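S.K.: Mind docking these for me? Both chains are given alone in their own frames, and the hints should help you get the complex.
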Amino acid sequence: MNTILLCGRRNRATWFGAALLLSIAAGGCAGSRDEKLANLIDLGEYARAGERAVSELGAEKTYRVRRLNQAQQLLCADGRPEEAEPYAFEAFEILRTRGMNADQTVITLGPDKTCKGEPFEQAMTYSYTAINQLMLGKWDQARAASASSLFLLKEFQDAEKPANAPSLDHEAIAVAAVMKEQSGNAAWLDNGYQPVETNFSLGYALHGLASLALNRTDEAADNFRKASVYNPGFTATAQSLLAGRDNTVFIIDYGRGPEKQAYGHHDCFARFVPRTPSADEPATIAVNEALAGRFPLVQDLNALATDYRWTSLDDVRLARAILGDALVAGGAAAVGYGVSNDNTAATIGGGIAVAAGALQIVNAHADTTQDESLPQRVYMAPVNISRADSRVEITIGGQQGGRIVLTDVDPPGAGQKMRVHYVRLAPGGGSWQSSGRTLYANDQTKAPVAGDDLPYILGGRCVRTPTQDVLERYRAAGWLRDLSLEDLKNLYREEGIDIDSDHGGLHVLEGGASLVAPRAGTAGYARLFGQEHPPYRPRSRRVAALAEQVSAVLAARGPASERVSSR
Amino acid sequence: MNAVAIAVFGAALLTGCAGVQQSTRMTVNDNQFVVAETQAQLRQSEFLRDRSPLSPPAVVTLGSFTNLSSDLLSDAEKWRLLEFIWPPRLREEKNIIFVEPRGSAQAARSGSDAEQHAMEQRAPTHRLDAELRSAERFGAGERTDLYFFQYRLTALATGERNWTGGVEFKRTAAGKPWN
Chain U
61 MNTILLCGRR
71 NRATWFGAAL
81 LLSIAAGGCA
91 GSRDEKLANL
101 IDLGEYARAG
111 ERAVSELGAE
121 KTYRVRRLNQ
131 AQQLLCADGR
141 PEEAEPYAFE
151 AFEILRTRGM
161 NADQTVITLG
171 PDKTCKGEPF
181 EQAMTYSYTA
191 INQLMLGKWD
201 QARAASASSL
211 FLLKEFQDAE
221 KPANAPSLDH
231 EAIAVAAVMK
241 EQSGNAAWLD
251 NGYQPVETNF
261 SLGYALHGLA
271 SLALNRTDEA
281 ADNFRKASVY
291 NPGFTATAQS
301 LLAGRDNTVF
311 IIDYGRGPEK
321 QAYGHHDCFA
331 RFVPRTPSAD
341 EPATIAVNEA
351 LAGRFPLVQD
361 LNALATDYRW
371 TSLDDVRLAR
381 AILGDALVAG
391 GAAAVGYGVS
401 NDNTAATIGG
411 GIAVAAGALQ
421 IVNAHADTTQ
431 DESLPQRVYM
441 APVNISRADS
451 RVEITIGGQQ
461 GGRIVLTDVD
471 PPGAGQKMRV
481 HYVRLAPGGG
491 SWQSSGRTLY
501 ANDQTKAPVA
511 GDDLPYILGG
521 RCVRTPTQDV
531 LERYRAAGWL
541 RDLSLEDLKN
551 LYREEGIDID
561 SDHGGLHVLE
571 GGASLVAPRA
581 GTAGYARLFG
591 QEHPPYRPRS
601 RRVAALAEQV
611 SAVLAARGPA
621 SERVSSR
Chain V
252 MNAVAIAVFG
262 AALLTGCAGV
272 QQSTRMTVND
282 NQFVVAETQA
292 QLRQSEFLRD
302 RSPLSPPAVV
312 TLGSFTNLSS
322 DLLSDAEKWR
332 LLEFIWPPRL
342 REEKNIIFVE
352 PRGSAQAARS
362 GSDAEQHAME
372 QRAPTHRLDA
382 ELRSAERFGA
392 GERTDLYFFQ
402 YRLTALATGE
412 RNWTGGVEFK
422 RTAAGKPWN
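Residue numbers (this note's numbering), protein chains in the order written: chain U, 61 to 627; chain V, 252 to 430.
For reference, chain V alone in the conformation it holds in the complex (with noise of 0.2 Å):
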């Protein structure tokens, strides 16, 4: 079992912009910190870390992505900070392979036999799942929502926990709701 690794970005405001923020929602500038900080903690995970060609194959298929903040994302974001966590070249270097998940597996397909038959052969040994949580503070003029992402890699097999990553940051924003 991988020990859980999260890091903190208590105090940061993410966007290289100076000056007053209107809006605490996510930006394209944090969704790539989660990827680039997610995978660096992926790279260094004992999961990762010390596989290699010879290590027995890793399937892994993308599970869900729930978002329980306060914000929206769309599918696109979605699957972008589920698919692009993975560092490169993990086939040829770590023996891990990904599939798609059975409902786009499916809906992809027409149904001949042949193609039921590649889909009972993607057998994955493991699923990545990710959740978004947020907490807003309210205060004189202002807006506060902390962000936290949370990654599980999970065999299949067994139910064992392989990996749990995480990464938190928050936005603030001034100015009034309704106006």
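For reference, chain U alone in the conformation it holds in the complex (with noise of 0.2 Å):
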């Protein structure tokens, strides 16, 4: 730990008292970065990072909302948006209670703390709950919760503020906050701010998809003209949308979220970094090989991340308490105030002056903590769908990672007014990401593939659920006329496999006991179905005997690529 040594006679006592409240308060909270999780999220490897995110919650005490929105957001990824259900269900549950911290933090770690996020991070959560609610047909579910990602922001900064005032940063909203304070409203950064609308397009634009979805017209009008007012660009799509052309819509998430930092006078302050750059590259779409549109962004995550507004003022409240008087004095070089002609005083920034019986303060770094698992952008593209199994490109600017085939795609069903995909694209996700292949026969589509006359468990291409009817399709290919569907079943439980429940989890394909199908339309898909696997290798007795049997009658019987069950 940093070590700042103060001194000032007449502000000791002040600044003592500090450091009792650091040594206390602070307790080392440097903030927490998960980069095994980013890591995953980095190939797309949705399935393990939901996994990982997941299997965190039970561990985590302070800052459950996190893990609940990793969870909800990567299950959504992946395909599998009944399972992110619950946890989208508890992160509403987290953010909708009020005064869970008597200090009034947001983010800080702690004892007896509850850390809900930074406010845009907090809008991205109910965002990613209504995303889950669309992608589920829920559609009023998913108005709610788009509704209340549209909270007011807190401004700071005076309306009638010149033209050309710089805008505020938590430096100087901490000098102002000390300089309140010495004029007497220590309770300035509580209540020293005007309650304005928010600029969150993403969250307008959601609640206009919803009420759309529920024929109320008049309200998505009303929202997308919102969403357009704080980012012109959504506009055209917005138009679109109205004339109600298009019967599925993709919600795309792509680059990588920014980074917070520690920084400033001894690290007090928190800022965020961006990793992938902004920038106006627009979302390609293309519906078997005919471009549908090219589409703008909805919501910059780095704007966001860089407006005061839009993040927590933990670091203010804790810098004032460290340096106090001393931010007013010392940061003078940077904002314009005097210096104290003390010459025992403190000066920060153009070094530290140290007398005689200096106090010695522990330095708190920033929280760095954050929510590792969000995008730089989100865009939305609404589309036509008109066939089932249909192919959708998606392509974001020319970079590695900024392309995604989806394969199987169908229209909405009898009776449902849209589809809803959410796609995240991975920057380091594998070739899978752009194959435009479906390799394995799935309970998603019935398109052939060749192997698919023989479950998987087997040494074919099939993992679809055991019924009578796929039993039939491997009968009719000449395999398993001796089993039972009973049998076949059997087969699947002895190995573990689990084919009773809906319950889903990690795949089979990728080492799991599920053989629920992650839903086709998203990158879980792509990435389980459009890529190579290891044979499977059976952990059964039986199943290893009948895989061995197969495995001889294939030798003499041909390639792969020559078996499709037939229909």
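Worth flagging that the hints you see were computed from the coordinates, not collected in a lab.
These stretches of chain U come out as covered by chain V in the derived footprint (C-beta under 8 Å, 3 or more residues):
no., segment
1, 152 to 158
2, 200 to 211
Under the rule of at most 30 Å between Cα atoms (straight-line distance), these lysine-lysine pairs were calculated in the DSBU-like manner:
no., chain 1, residue 1, chain 2, residue 2
3, U, Lys173, U, Lys96
4, U, Lys173, V, Lys421
5, U, Lys173, V, Lys427
6, U, Lys477, U, Lys506
7, U, Lys214, V, Lys427
8, U, Lys240, V, Lys427
9, V, Lys329, U, Lys477
10, U, Lys240, U, Lys173
11, U, Lys506, U, Lys549
12, U, Lys173, U, Lys214
13, V, Lys329, V, Lys345
14, U, Lys121, U, Lys173
15, V, Lys421, V, Lys329
16, U, Lys121, V, Lys427
17, V, Lys421, U, Lys214
Since this is a predicted model, take the numbers as computed values, not measurements. Glycine included, every Cβ here is placed at the ideal spot set by N, Cα and C.
M.R.: Written out as structure tokens, the structure reads:
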């Protein structure tokens, strides 16, 4: 830990008190970043990343909503919105609870604290709850969740400020807070702001989309208008949605969200630094090789994270407590205030002056805890899907990881007004992201796949849930004629593969025990079925023996590409 | 046509908890209150009050529960709020039976001919729908949500509204929203 040596006769008592405060309150909370999770997300391994987020929930005492948001987000990205729903509800419950921390901190970890995340992280958490409900076709619930993301912001800057006045940052706010305190308004940070309308265009867009699906057209138009006010590029997308020509909407996440870093006087302050640069690149969508449209982004998280209204002021409170008057005296060079003439006064920024009997204050490094799962930007792209098993190609810029090909995308079902897909592009995603192939037969598509006349557990390429219909397909190809359906199901059970519930979890193709297929039109579907997986390794003697028999027959019959089950 | 009967319980905080509330989300107690109040209104309604075991059969299907409030409701909560408002022994005392909604009934079937025939015999005569709305107010350090439930029983043959019921209550929570 760094140590600041400060002195100043008249402020010694204040600073000693601040030191006590720090040593108790700071607790060495330097924030922890889950690099393992971040790496899995980078690679597009959303199933494993979701598993990690869920497994960390039990140990999470303070910042539970971060893990809940990660779970809901990653499971949706993996094409499993049903499994994400409980986490979405719990995240909503926490965020809707008010006044959880008596000291009004938001992000600071510590005993008896409930961390809800930066305001922009909270808005994004509500948005992912809305996206989860949109994927499930629960338009009314999506409306409620997205409406919650549109909370008022705290504006400290004078509305009549000069046109060329710089935007406030945390250091300037901290100085202002100390000056207000000196003039008798110690509660300025809590009460000295104006509540202003949010500029969260993604929230307005999601609200509008949900309203549109509920046939509340006027409400949809109002929200789309607001989204366009704060993001003029969204105007054309809004018009397309209101025209009602499109039956499918892709909500697309791209890039790596900004990273939270400590900076400034002894790392007292926190700020967000972009990792993926902001850019105006549109998302280009092609459906079955035909261009469907180019869509501008609807939300740039770099812009949110660098706007003080969207970040917590916990570091400001701490800096005010640590440095107090010294902030005003020492930060003068930066903000134009005079430095004390007392030759034992501390200066900050220009160096630290040390006098005899100087106090030692433990420096509390700003908390850099953050939700590391967020993207850099979000797109909303309405298109029309007119036939089953359509192919959708999404391209953003020319960077690696900026392209994904989705297969087996169906139009909305009978009676469904629209279908919403959430797609997360992986910056480090493998070739599966753009392979455009479906290599394994699954419950999401009836389209034939080479080698789907045999179950995967016996050497084939079928991972459909065993049913009478599926068994008939195997039999028609000459396989498993002496097995009943129950015999076939028992083979899976002997392997520990869950076929009796729709619980989900890691898929058998990735070493798990589930046959539940992710939804088509998601990155999870593309990753699972768009790349080769290692051959299955039986655990039970029965399945191993059967697989050996099959292998011998296959060797005599020829390559898999010649074997496609009849329909 | 039954008269509209709405129970309005303006300022009541419905939980038995003393002390400051931190959330305006609905609780289990609120749902139970809504069910109890709505059931009482139904008992007194013209639709139900004058029926007997000899009345023409009424086949009721549960329609949609549309949530236009600021809160999230689980599927189980929605179904409970539709299903549990009906008093007991309706088949024996009022000649009213309930059938599954078409969507869930179809999903539960494997599609055999016999089961499709059974689907067609559902023949509901009435449908119950519900809607939940809310209005939010924000004051100094607190938030108030006023919730309003509305139920509608519609005769499917004629479109006539046979019964409408409603329950209203509010919840207030203190504290800042960000922390």
